[in-house]
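What follows is each chain in one-letter form.
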Amino acid sequence: MAVRTVRRPELTFWEKLYIPQIISGLRITLRHFFRNLFLHMLHQVGRFKDVSAMATIQYPEELRPLMSRFRSRHRLTLREDHTPRCVGCMLCETVCPAKCITIVPGEHPDPHVEKYPIRFDIDLGVCVYCGYCVEVCPEDAIRMDTGILDVAAYSREAMQLDIHELMDPTLRKPVGDCSLEFPHKCELTGGEMKGSWDMLNAPAVVTDPAEK
Amino acid sequence: MIEFLLIKVTLAGIVLFAVLNLAGFHTWVERKQSALIQDRIGANRASILGFRMLGLFHGIADAIKMFTKEDIVPAGADRTLHTLAPFFSVFFALVTFAAIPFGDQLILGGRVIDLQVARIDAALLYVFAMLSLGAYGVILAGFASRNNYAILGGLRATAQLISYEIALGIAIVGVVMVYGTMNLGDLVRAQGVMIGGWIPMWGIVTQPVAFFIFLTAALAETKRLPFDLPEGESEIIGYFVEYSGMKFGMFFLTDFLETIVAATLATTLFFGGWQVPFLLADGFHFPWGAEILVSNWVYALLGVASFSFKSFVFLFLFMQLRWTLPRFRYDQLMGLGWKVLFPIAVVNVVVTAVVMLLLEGGG
Numbered sequence: 302m303a304v305r306t307v308r309r310p311e312l313t314f315w316e317k318l319y320i321p322q323i324i325s326g327l328r329i330t331l332r333h334f335f336r337n338l339f340l341h342m343l344h345q346v347g348r349f350k351d352v353s354a355m356a357t358i359q360y361p362e363e364l365r366p367l368m369s370r371f372r373s374r375h376r377l378t379l380r381e382d383h384t385p386r387c388v389g390c391m392l393c394e395t396v397c398p399a400k401c402i403t404i405v406p407g408e409h410p411d412p413h414v415e416k417y418p419i420r421f422d423i424d425l426g427v428c429v430y431c432g433y434c435v436e437v438c439p440e441d442a443i444r445m446d447t448g449i450l451d452v453a454a455y456s457r458e459a460m461q462l463d464i465h466e467l468m469d470p471t472l473r474k475p476v477g478d479c480s481l482e483f484p485h486k487c488e489l490t491g492g493e494m495k496g497s498w499d500m501l502n503a504p505a506v507v508t509d510p511a512e513k
Numbered sequence: 624m625i626e627f628l629l630i631k632v633t634l635a636g637i638v639l640f641a642v643l644n645l646a647g648f649h650t651w652v653e654r655k656q657s658a659l660i661q662d663r664i665g666a667n668r669a670s671i672l673g674f675r676m677l678g679l680f681h682g683i684a685d686a687i688k689m690f691t692k693e694d695i696v697p698a699g700a701d702r703t704l705h706t707l708a709p710f711f712s713v714f715f716a717l718v719t720f721a722a723i724p725f726g727d728q729l730i731l732g733g734r735v736i737d738l739q740v741a742r743i744d745a746a747l748l749y750v751f752a753m754l755s756l757g758a759y760g761v762i763l764a765g766f767a768s769r770n771n772y773a774i775l776g777g778l779r780a781t782a783q784l785i786s787y788e789i790a791l792g793i794a795i796v797g798v799v800m801v802y803g804t805m806n807l808g809d810l811v812r813a814q815g816v817m818i819g820g821w822i823p824m825w826g827i828v829t830q831p832v833a834f835f836i837f838l839t840a841a842l843a844e845t846k847r848l849p850f851d852l853p854e855g856e857s858e859i860i861g862y863f864v865e866y867s868g869m870k871f872g873m874f875f876l877t878d879f880l881e882t883i884v885a886a887t888l889a890t891t892l893f894f895g896g897w898q899v900p901f902l903l904a905d906g907f908h909f910p911w912g913a914e915i916l917v918s919n920w921v922y923a924l925l926g927v928a929s930f931s932f933k934s935f936v937f938l939f940l941f942m943q944l945r946w947t948l949p950r951f952r953y954d955q956l957m958g959l960g961w962k963v964l965f966p967i968a969v970v971n972v973v974v975t976a977v978v979m980l981l982l983e984g985g986g
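Going down the list, the protein sequences come from chains B and E.
Just so you know, we're using this note's numbering here: the first sequence kicks off at 302 and counts up by one.
Just so you know, we're using this note's numbering here: the second sequence kicks off at 624 and counts up by one.
Check before you lean on any hint, since a few could be wrong.
[Stated by the list, open to error] Sample of chain B residues with no beta-carbon within 12 angstroms of chain E, all distances over it, derived:
hint, residue
1, 305
2, 315
3, 319
4, 326
5, 334
6, 338
7, 346
8, 351
9, 353
10, 355
11, 356
12, 368
13, 396
14, 409
15, 440
16, 446
[Unchecked claim] Computed spacing ranges between beta-carbons, pair by pair:
hint, chain 1, residue 1, chain 2, residue 2, range
17, E, 648, B, 356, 35 to 43 angstroms
18, B, 338, E, 911, 31 to 39 angstroms
19, B, 313, E, 953, 19 to 27 angstroms
20, E, 671, B, 339, 24 to 32 angstroms
Hints are computed from structural coordinates only; laboratory data are not their basis.
Beta carbons are placed, not taken as given, at the ideal position from N, Cα and C, and that holds for glycine.
Only chain B is shown next, with the shape it has when bound in the complex:
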């Protein structure tokens, strides 16, 4: 292969003068400066709010828009009777590359449902947010669409989510020791908890409204 000599581009006389080039650089920065200055001032009086003067997002007050397929903190989806859709098939626990999911299945009282998770724990300190658990689930029982990004805790234990937090994303604090026996009771909230097992015992909800 022939050697091709690439000539280093030489500066023209105009460029060597520096000053015209500096002025053209200043023109760019000045344009940004005054455009943003005027836009900020107009925003102060409530005009041209749709034209942004900056790329910055004021994070804690203002959240970044997330893509619809963005993988955020997990949640367990619920049946109409507010019990988890999970049937304890262990597929997610098996596929999990980080081995952060722990499921303890139990016999479900409803004969149409085989099993239910007595425990469903995810250790977020270990989770790699790969989303395999969501993809593998045959029941659409686990999703990663809560939009919760700021998972932070002072201890490793606090990073472990149990089934309450997974079923109710509004519960941000780790739930302490709870009874995992079947009529489920949470001791922290006196048993009253959205997404708990209480609805299962109420007979009116179990029956399908179409049958009535």
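Following the hints, put chain E in place on chain B, whose structure we already have.
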């Protein structure tokens, strides 16, 4: 005598108050201006009672932080020189302002007061002497830290300051030749003459080439981008790498003070200092014959306002340049200083001399 002293102390107080506050304010300007240039918001979180004031409180927060921070002197460092260096820097940057006239004469109770802290006949020499001495602070800081990066920064600063001072000094020679004085007050007064009744005889008109050399060299003297090799944030941190707390803050302050020195000097030498076009001591005299008479107070205040405005424009320009241009490579820096600015400055002096001789011979 007491009155004289009182007047001088007041003037010095006013200048120090204005300059130090301006330097503190400059930290805010730097943050916000760079933010606007780069489509950001800039620091806006510091608040007092929930008021954020566009981030103005960040300067105060910085000051508190720097004063309460631990002051570290490295084990191998020379304690005395290490402590002395930042004081040197700030001191010589501050005393420079003594010679810069920020207004014309104010008549107060029958007393004529020059709005200038010190009336020095060789003011220009004084200013440059003080600026050169300011380099000692940087060199000492680099030397006394016993840190290789600091020494590197100090060496870079030494070479850079000495190289550009020569271009700076020779560029000024042209101005001194045209106006025939080194007294900055007289120099500004001499710039008030109108050429043909229309164009003020400011330095930019008579010495445009010197102006650009001065601007470049003065920017290099301030050690800020595009000439921030002594600092070199991304490679060697620079001469103040071993400084913490307010000692570092003083170097930081010196940077801004030197920027203000450069801005005020550029105003004084090339933009007529406190001169307002067509404004004489008793009022405006327009070339088309109109006259607006003003009192001495208004005249003096207009002068101070004019001086401040021009200085602010320069400060804005310097800040804009600082956020526009990337840093020079070291050999490019030396090449620019010695092979471009220095010869042009010398040629400018020669051409000025020839033109002046011809004008005198013709006139």
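We went through each hint and held it up to the structure:
1. 305: 27 angstroms, holds
2. 315: 15 angstroms, holds
3. 319: 8 angstroms, violated
4. 326: The claim breaks: residue 326 (chain B) does not keep its Cβ more than 12 angstroms from every Cβ of chain E (closest is about 5 angstroms).
5. 334: Violated, because the least Cβ-Cβ distance between residue 334 (chain B) and chain E comes to about 5 angstroms, which does not exceed 12 angstroms.
6. 338: 6 angstroms, violated
7. 346: Check passes; 15 angstroms lies beyond 12 angstroms.
8. 351: Since the minimum Cβ distance to chain E is about 16 angstroms, residue 351 (chain B) lies beyond 12 angstroms and the statement holds.
9. 353: 8 angstroms, violated
10. 355: Violated, because the least Cβ-Cβ distance between residue 355 (chain B) and chain E comes to about 5 angstroms, which does not exceed 12 angstroms.
11. 356: 5 angstroms, violated
12. 368: Residue 368 (chain B) clear of chain E: closest Cβ-Cβ about 22 angstroms, beyond 12 angstroms.
13. 396: 42 angstroms, holds
14. 409: 52 angstroms, holds
15. 440: Non-interface label on residue 440 (chain B) holds, nearest chain E Cβ at 46 angstroms vs cutoff 12 angstroms.
16. 446: 30 angstroms, holds
17. E:648 to B:356: 35 to 43 angstroms: Hint violated: Cβ distance 26 angstroms, outside 35 to 43 angstroms.
18. B:338 to E:911: 31 to 39 angstroms: 36 angstroms, holds
19. B:313 to E:953: 19 to 27 angstroms: Holds, since residue 313 (chain B) and residue 953 (chain E) (Cβ atoms, about 24 angstroms apart) stay within the stated range.
20. E:671 to B:339: 24 to 32 angstroms: Because 28 angstroms falls inside the window, the suggested range holds.
Comparing the model with each numbered hint stated earlier shows that hints 3, 4, 5, 6, 9, 10, 11, 17 do not hold.
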